[in-house]
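Trainee: Single-letter residue listing:
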Amino acid sequence: MKTVNVMIVGVGGQGSLLASKLLGKVLVDAGYDVKVSEVHGMSQRGGSVVTYVRFGDRVASPIIDLGESDFILSFEKLEAARYAEYLSPNGKIIVNTQEIDPMPVIVGKAVYPSHVLNELESKDVTVDAVDALSLAEKAGTAKAVNVVLLGRLARSLPAIPKEAWQDAIKSSVKPKFVEVNLRAFDLGYALD
Amino acid sequence: MKRLMIGNEAVARGLYEGGVSVVASYPGTPSTEITEFLSEYPDLYSEWAPNEKVATEVAFGASLSGVRAVTCMKHVGLNVAADPLFTLSYTGVNGGLVICVADDPAMHSSQNEQDSRHYAKASKIPMLEPSDSAECLAFAKEAFHISETFDTPVLFRLCTRIAHSQSVVETGERVVPEAIPYERKGEKFIMMPGNAKKRHPFVEERLQKLTAFAETSPLNRVEEGGKHVGVITSGTCYQYVREALGDQVSVLKLGMVWPLPVDLIKNFAASVERVVVIEELDGFIEDHCRNIGVKVDGKSIFSPIGEYSQSVIAAAFGIEAKPHVVLEDPIPARPPMMCAGCPHRGMFYTLKKNGVTVLGDIGCYTLGAQPPLAAIDSTLCMGASVSGLHGFNRGLAATGRTMKTACVIGDSTFVHSGMTGLADIAYNGSNSLIVILDNSITGMTGHQENPTTGYNIHGDPAGKIDLESLVRAMGINRVRVVDPYDLAATDAAIKEELAANEPSVVISRRPCVLLKRVKTNPPLEVKTDLCRSCKKCLSLGCPAISFRDGHAVINDTLCTGCGVCAGLCPFHAIGDKEVK
Chain U
45 MKTVNVMIVG VGGQGSLLAS KLLGKVLVDA GYDVKVSEVH GMSQRGGSVV TYVRFGDRVA
105 SPIIDLGESD FILSFEKLEA ARYAEYLSPN GKIIVNTQEI DPMPVIVGKA VYPSHVLNEL
165 ESKDVTVDAV DALSLAEKAG TAKAVNVVLL GRLARSLPAI PKEAWQDAIK SSVKPKFVEV
225 NLRAFDLGYA LD
Chain L
10 MKRLMIGNEA VARGLYEGGV SVVASYPGTP STEITEFLSE YPDLYSEWAP NEKVATEVAF
70 GASLSGVRAV TCMKHVGLNV AADPLFTLSY TGVNGGLVIC VADDPAMHSS QNEQDSRHYA
130 KASKIPMLEP SDSAECLAFA KEAFHISETF DTPVLFRLCT RIAHSQSVVE TGERVVPEAI
190 PYERKGEKFI MMPGNAKKRH PFVEERLQKL TAFAETSPLN RVEEGGKHVG VITSGTCYQY
250 VREALGDQVS VLKLGMVWPL PVDLIKNFAA SVERVVVIEE LDGFIEDHCR NIGVKVDGKS
310 IFSPIGEYSQ SVIAAAFGIE AKPHVVLEDP IPARPPMMCA GCPHRGMFYT LKKNGVTVLG
370 DIGCYTLGAQ PPLAAIDSTL CMGASVSGLH GFNRGLAATG RTMKTACVIG DSTFVHSGMT
430 GLADIAYNGS NSLIVILDNS ITGMTGHQEN PTTGYNIHGD PAGKIDLESL VRAMGINRVR
490 VVDPYDLAAT DAAIKEELAA NEPSVVISRR PCVLLKRVKT NPPLEVKTDL CRSCKKCLSL
550 GCPAISFRDG HAVINDTLCT GCGVCAGLCP FHAIGDKEVK
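Each protein sequence line maps, in turn, to chains U and L.
Quick note, the first sequence lines up with residues 45 to 236 if you use my numbering.
Quick note, the second sequence lines up with residues 10 to 589 if you use my numbering.
In short, the hints are calculated from the structure, not lab data.
Heads up, some of the hints might be wrong.
[What the hints assert, rightly or not] Under the rule of at most 27 Å between Cα atoms (straight-line distance), these lysine-lysine pairs were calculated in the DSS-like manner:
| no. | chain 1 | residue 1 | chain 2 | residue 2 |
| --- | --- | --- | --- | --- |
| 1 | U | Lys-65 | U | Lys-136 |
| 2 | L | Lys-525 | U | Lys-220 |
| 3 | U | Lys-182 | L | Lys-544 |
| 4 | L | Lys-545 | U | Lys-153 |
| 5 | L | Lys-331 | U | Lys-136 |
| 6 | L | Lys-11 | U | Lys-206 |
| 7 | U | Lys-187 | L | Lys-586 |
| 8 | U | Lys-167 | L | Lys-544 |
| 9 | L | Lys-361 | L | Lys-504 |
| 10 | U | Lys-46 | L | Lys-262 |
| 11 | L | Lys-525 | U | Lys-218 |
| 12 | U | Lys-187 | L | Lys-525 |
| 13 | L | Lys-331 | L | Lys-236 |
| 14 | L | Lys-525 | U | Lys-182 |
| 15 | L | Lys-528 | U | Lys-220 |
| 16 | U | Lys-214 | L | Lys-525 |
| 17 | U | Lys-218 | U | Lys-65 |
| 18 | L | Lys-236 | U | Lys-187 |
| 19 | U | Lys-46 | L | Lys-331 |
| 20 | U | Lys-218 | L | Lys-528 |
| 21 | L | Lys-362 | U | Lys-153 |
| 22 | L | Lys-536 | U | Lys-153 |
| 23 | L | Lys-545 | U | Lys-182 |
| 24 | L | Lys-11 | U | Lys-65 |
| 25 | L | Lys-525 | U | Lys-65 |
| 26 | L | Lys-331 | U | Lys-153 |
Model the full structure from these sequences, guided by the hints.
Mentor: So this is what it looks like as structure tokens:
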């Protein structure tokens, strides 16, 4: 099979590490060759962060390049736009509609481009906009935005059964957070 | 069992299976997790040492005692450890000794982009370089064998994309060899001139033997493919080459990047029409090829700057770039910044307000250089803020100039190499103001304990250096502690110490807000009827505060209730949330 590329992008601190951990586990358990690449350290302090997940029969490079990503899972609206050029022509962006102002916007040196999703759609990009923050709060914690979005992505990866995701959540998060994360996953998964 | 591991975890696993008994390291991105993962294994000793030189010497001592030992560091850490490194080459080892060093091409989290391979060549120590997590594990085990077979420390090079990329590994069993008995061998381990002169020929002979090993070791391998072009590569570049070019080219994949083979390269070159060396950073393998008379292309095609990728390789071979979306509107940058509730913020705000020229250091607080705080004038290396400030003030004094100056350095960095700079200030008496940003943790690398926190690598109670007593014992009379959340007290302390006529140390003490043991307050809110839109709170550069619909707004999920903005607001518009 052709290697499938997924990018997880967002703002440092939004929980992309857990999302990539769950995704990676599900894919390895399904028997794929998998590579996951992320950068730890300075960029995580509220900066723009990106994780590359690649799976297939045999994966060489750990990173995804311009025009190569089949899916972009964005935890924040502006970050979806920042990495949109990595999307392949038939790719899909799943984006949390939450806006988090970057420092240039906070200090008035730049304006938050709120219309950015419309611009993406005008470029024939498939945009799946999700109010993941509201759904995460509905599940029980604003911190579960990552798992809501993962639930949404799961719908686009039909080769992997829902139970596999649920098993990964059960084995990867602390027992007291399992229930809330399963609820968050379901809310993302069930969304039409 | 097959599972995903980041390269660093796989290195740790390989070292563990290879029988390591003692681990000493100083944290540094992207190397930190090797030691963190090793610390989770029960049947070996691990520690955070105060710096990389100490860590390497601890590993040397453990090797001398006859056990397998490891130290891990980032590329610039190897500069600090260079002193023991070069002479370790002469002494060789007793138990196997591995020095892991992680380079950071593209400087994701570093102050320079140095290429550590030069250290291997300069110190005449072999260096291995894996290309994925499975090789991280296998090569780490092999490193101990090479170390003990050839009587040499072994450098183990990673780069960010190997250290922090996960790929599939299969684990094995741990095998710990019998400790090698300690015998006194002065001619080998006492490196005074008479003995060292006898050891140098050994080092040269060892290099010859290692070169012969490199010719046939499975660490280096030829993968047959198209014969028009042969690529010589290693590390992460090997994966980019495979991704971009598949089997269109033949590949000589080097797992040992020093010493480099001679015949293997010559024979490979003879089997293809043209040879291209693909390596990030410097033309290290390329230079070797030229030295042995093999014609290659390398840095004439590929940049010595930053990271490569499959598209960089593809472009160089004339493969068309993939089509992609281009957005016309500019997208505001999102640089990293100090967290909401960061204790450093109050101190930086105060230093900026007082017009102080600030020499900075290495840690989270380097982010104090970012606007709007923009409170740092220089960042060089670990500890340089303190000694640099002394020199700056001496330079000013020598030419009759006066300025308000200070330096900022974190607790961990101060112990790492700020203390020696302070010794210079105490001894040679410059009127300098040293601010120790004591957040009770090594922050930037992800919360490692250090000698000032009172806990060891496992989080168990440990020795604790009392910074106030230490600084006083070094001869500094003016020592005071402030809480940087208290802007008024911080401002008063900085003003008084800037006016003092002798060196002073201000310890800005407040634990990192991200520490689990720190309890945060409920988020604050802006009373919109009181907010006059003056934007003074925005000058703190707090990610939790933004400006919407004509007044300041506090983000509930980010705010930690530190109260610094409330203390700053001239209209008392920021406070606790009203209970509705």
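Trainee: Hint by hint, note whether the structure agrees.
Mentor: Okay, the hints, checked on the actual structure:
no. : hint                  : in the structure
1   : U:Lys-65 - U:Lys-136  : holds, 21 Å
2   : L:Lys-525 - U:Lys-220 : holds, 17 Å
3   : U:Lys-182 - L:Lys-544 : violated, 33 Å
4   : L:Lys-545 - U:Lys-153 : holds, 15 Å
5   : L:Lys-331 - U:Lys-136 : holds, 16 Å
6   : L:Lys-11 - U:Lys-206  : holds, 22 Å
7   : U:Lys-187 - L:Lys-586 : holds, 21 Å
8   : U:Lys-167 - L:Lys-544 : violated, 37 Å
9   : L:Lys-361 - L:Lys-504 : holds, 12 Å
10  : U:Lys-46 - L:Lys-262  : holds, 25 Å
11  : L:Lys-525 - U:Lys-218 : holds, 15 Å
12  : U:Lys-187 - L:Lys-525 : holds, 16 Å
13  : L:Lys-331 - L:Lys-236 : holds, 26 Å
14  : L:Lys-525 - U:Lys-182 : holds, 26 Å
15  : L:Lys-528 - U:Lys-220 : holds, 20 Å
16  : U:Lys-214 - L:Lys-525 : holds, 23 Å
17  : U:Lys-218 - U:Lys-65  : holds, 14 Å
18  : L:Lys-236 - U:Lys-187 : violated, 54 Å
19  : U:Lys-46 - L:Lys-331  : holds, 16 Å
20  : U:Lys-218 - L:Lys-528 : holds, 20 Å
21  : L:Lys-362 - U:Lys-153 : holds, 21 Å
22  : L:Lys-536 - U:Lys-153 : holds, 25 Å
23  : L:Lys-545 - U:Lys-182 : violated, 35 Å
24  : L:Lys-11 - U:Lys-65   : holds, 15 Å
25  : L:Lys-525 - U:Lys-65  : holds, 22 Å
26  : L:Lys-331 - U:Lys-153 : violated, 33 Å
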